[in-house]
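Start from the sequences, fold in the hints, and give me the full structure.
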Amino acid sequence: MSETTVGVGDPFPDLTLPTLDGDDLRFSERRGTKLVLYLWGSW
Amino acid sequence: MPGWQHFSQAHAAADFSLVSVAIDHAGPEAARPFVEAAGATFPTVVDRYGTLSRLLGFKAVPNGVLVDEDGTIRWTKFGGFSIDDRDDAAVVERFLRGEEPGPSPTDPAPYRLGPLERELVETKLRLGHLLLDAGQGAEAVAAWRGALRLDPENLTIRKQIWAAEHPAKFHPTIDFGWQKGQLAAERAAEVAAGVCGPDGCPLPAPLAGADAPPPSPAD
Chain U
1 MSETTVGVGD PFPDLTLPTL DGDDLRFSER RGTKLVLYLW GSW
Chain L
1 MPGWQHFSQA HAAADFSLVS VAIDHAGPEA ARPFVEAAGA TFPTVVDRYG
51 TLSRLLGFKA VPNGVLVDED GTIRWTKFGG FSIDDRDDAA VVERFLRGEE
101 PGPSPTDPAP YRLGPLEREL VETKLRLGHL LLDAGQGAEA VAAWRGALRL
151 DPENLTIRKQ IWAAEHPAKF HPTIDFGWQK GQLAAERAAE VAAGVCGPDG
201 CPLPAPLAGA DAPPPSPAD
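Protein sequence lines, in the order shown, are assigned to chains U and L.
Heads up: the first sequence at position 20 corresponds to 20 in the working numbering, and the numbers run straight through without jumps.
Heads up: the second sequence at position 50 corresponds to 50 in the working numbering, and the numbers run straight through without jumps.
By construction, these hints were calculated from the structure, which means they are not laboratory data.
Ideal placement from N, C-alpha and C gives every residue a C-beta, glycine not left out.
Do not rely on the hints blindly, as some may be mistaken.
[Unchecked claim] Here are the simulated distance ranges between beta carbons:
(1) L/A189 / U/P11: 38 to 48 Å
(2) U/D23 / L/A142: 26 to 36 Å
(3) L/A168 / U/D24: 27 to 37 Å
(4) L/D133 / U/D24: 11 to 21 Å
[Said to hold, decoys possible] Derived, one-sided and incomplete: chain U residues facing chain L with beta-carbon distance under 7 Å:
(5) D10
(6) F12
(7) P13
(8) L17
(9) L20
(10) L25
(11) R26
(12) G32
(13) T33
(14) L35
(15) V36
(16) L39
(17) W40
(18) G41
(19) S42
In structure tokens:
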């Protein structure tokens, strides 16, 4: 890991990504509840 | 994906958010069929430029990331993560119960990419998508190849180039055997050409995912 990647113990990046429905999901707005992320690709 | 829908329903009483993140340079339309086929009721976001792969430092999927109520990353598994796997599911369930999820598996193939390199990779990926949207497919692939030269271990970029250049290998079904052969051939050519990555050259081996089970959107 370089110094600039984040990992266990670090805050999850405050990223905003589009949902399939066309809305924006901002990860920091999910704070206050546990977040389970599943990262995948269709390829 | 069906496994996650089942998990989501089985744990409906638990207080957590499940979000699926499609690392998909082809955009939402590539991810949508899998989400719809699974009848997923949880949100899917699309990381079209692979931003998370550079922020978290992974170069293949499927991955799991657990984040606590304070927004702190508590557990990660890069490569081979599946909710249909008994051990992986047990980790997630421990986390949802408020217990320690346990140590994170070591990334089988971490990579180092500095902030400037990451920014350049992302810029080239974005340029490729703009070109693609403008109908300039060949130029788009050239831009992606520029990104791959900087980030040669990144399978998410490499597979996207393959999908653009060899669509028959991806639709209607994905030919993972072909991918394996293609990866081996490209790696050999890159090593011969002295392609350098952030870890030096030639390419460090093995690439993540090359020998692991292929990423499966079906899990």
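Structure-based check of all given hints:
For L/A189 and U/P11, the hinted distance range of 38 to 48 Å is satisfied, since their beta carbons lie about 40 Å from each other. The hinted window of 26 to 36 Å between U/D23 and L/A142 holds, with their beta carbons roughly 33 Å apart. At roughly 35 Å, the beta-carbon separation of L/A168 and U/D24 lies within the given 27 to 37 Å, and the hint holds. Judged by the Cβ atoms, the range 11 to 21 Å given for L/D133 and U/D24 holds: they are separated by roughly 20 Å.
About 6 Å separates the beta-carbon of U/D10 from the nearest beta-carbon of chain L, less than 7 Å, and the hint is met. Restraint check, U/F12 versus chain L: the minimum CB separation of about 5 Å is within 7 Å; hint holds. The interface hint given for U/P13 is met, as the beta carbon of that residue sits about 5 Å from the closest beta carbon of chain L, less than 7 Å. Restraint check, U/L17 versus chain L: the minimum CB separation of about 4 Å is within 7 Å; hint holds.
Taken as an interface hint, U/L20 checks out: its beta carbon lies about 5 Å from the nearest beta carbon of chain L, inside 7 Å. Given hint, U/L25 at the interface with chain L, holds; its Cβ is 5 Å from that chain's nearest Cβ, closer than 7 Å. Restraint check, U/R26 versus chain L: the minimum CB separation of about 10 Å is more than 7 Å; hint violated. Because the closest C-beta pair between U/G32 and chain L is about 6 Å apart, less than 7 Å, the hint holds.
Nearest Cβ of chain L to the Cβ of U/T33: about 5 Å, under the 7 Å cut. The hint holds. Below 7 Å, beta-carbon pairs count as interface contacts, and U/L35 has one with chain L at about 4 Å; its hint therefore holds. Taking 7 Å as the C-beta cut-off, the interface hint given for U/V36 holds, the closest approach to chain L being about 5 Å. Interface hint status for U/L39: upheld, as the beta-carbon distance to the closest one in chain L is roughly 4 Å, under 7 Å.
With 7 Å as the threshold, the beta carbon of U/W40 comes within range of chain L, its nearest partner Cβ sitting at about 5 Å, so the hint holds. Annotation: interface hint on U/G41 holds; nearest CB of chain L at approximately 5 Å, less than 7 Å. A hinted interface residue such as U/S42 counts as satisfied when its beta carbon comes closer than 7 Å to some beta carbon of chain L; here the least separation is about 5 Å, so the hint holds.
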